[in-house]
Structure formats: C-alpha cells, structure tokens
Amino acid sequence: MAEPRRSLPDVADLFDAHGAELLRYCTGRVGPTVAEDVVADTFLIAHQRRHRLADGPARAWLYGIASNLLRRHRRSETRALRALARTGRDLDQTDIADGAAARADASALTRRLAAVLAALPARQRDVLLLYAVAELGYEEIARTLDIPLGSVQSALHRARVKLRAALATDPATTASPDGGSR
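Numbering that gives the first Met the number 0 numbers the first residue of the sequence shown as 0 and each following residue consecutively.
What the hints contain is simulated information worked out from the structure, not anything from laboratory work. Think of the CB as a built atom: it goes at the ideal place given N, C-alpha and C, for glycine as much as any other residue. Do not take every clue at face value.
If you anchor each label on the Cβ, the simulated ranges turn out as follows [what the hints assert, rightly or not]:
no.	residue 1	residue 2	range
1	138	49	18 to 26 Å
2	44	114	27 to 35 Å
3	49	107	40 to 48 Å
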C-alpha cells in the first residue's frame, strides 16, 4: 500500500508568518537593501526545498536558510562593520537624533558597537544577533545553526561578556540619564 502523500508547506503562508521578522533580522545584519535580497532568496530556497521541511519547526528552518545566505555575505558584512566603526555613520540610515550632542553620543556608541560586533568570532556574532535581533530562543538558535544547545549558551555568554567589557569602558554607556553611574 502506498504512503499517503504529505502536503507540502505553503511558502506564501510561511512568508506571511515569518517574512517580516526575518527581514528585521537580516536588516540588522546586512542593511535593508541586501536584507531584502536575502529574504527573497530565503523564500525561493524554501519553495525549492519545501519537501525537506516535513512537520518540523518552520521558523528555525527559515532562519537556518537565511543564516546560510548571510554567511555568503560575511566578508562584506565585516568590511561594512569595520567601516562603520571607523566613521560612525551608517549611510543607509538618516540621522539618529536631532541634536548635535545626541548625534555625537549616538555616533560614538554606534562605532563602539560596530567595532565590538566586527571583532566577535563569527559563531558568537551569529548567536548574539539571532538572540538579540531575531529574538530566537536558545533551542531555535541551536537548530538554526545546527550546533548543540550548550554551544549556543556558551557563545552567547562569551559574546555578552565581550560586549559588556567593551561598553564598560565607554563613558557614554555607563552614565545613567540622571547623571549617576549604572
């Protein structure tokens, strides 16, 4: 007796459910122009390989595809982060704040964050951005990157330690709005 044919996932439904969050994640990684291409390619690949999804977690599967595509942009991403660290200006964004002082503070923090992200090992950067930008949980990150759960936890911990250490030396990030220290 032949097995009943399982239904393939509807990519349009997957796009409706996950497209916007995937675009936000990719935009945080590579900027809006490349992000749109990465998301489009993600759903093209998802359509071509939809038979591989079965009844598994679609969200992690899509993030896995997008992460693989983003790895192809790793070199340009690192170059862009280093350039951002040098200049403090993201040419794809408008001014961060209206006042000159606020722009200077934001620019300094942006340069510092970009430098820290560029200096992180690829695995730590991937885990940190999947957690902080895409808001994936530990298990989803493990499935997305095809790594053990413990590796996700340790990579996130190490990335946070490095980020905290780098920001702790920046006076703009250690003063609270009321003038005291945090």
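Now for the hints, and whether the structure bears them out:
no.: 1; hint: 138 x 49: 18 to 26 Å; verdict: holds, 22 Å
no.: 2; hint: 44 x 114: 27 to 35 Å; verdict: holds, 32 Å
no.: 3; hint: 49 x 107: 40 to 48 Å; verdict: holds, 46 Å
Hint check: no violations occur; every hint is consistent with the structure.
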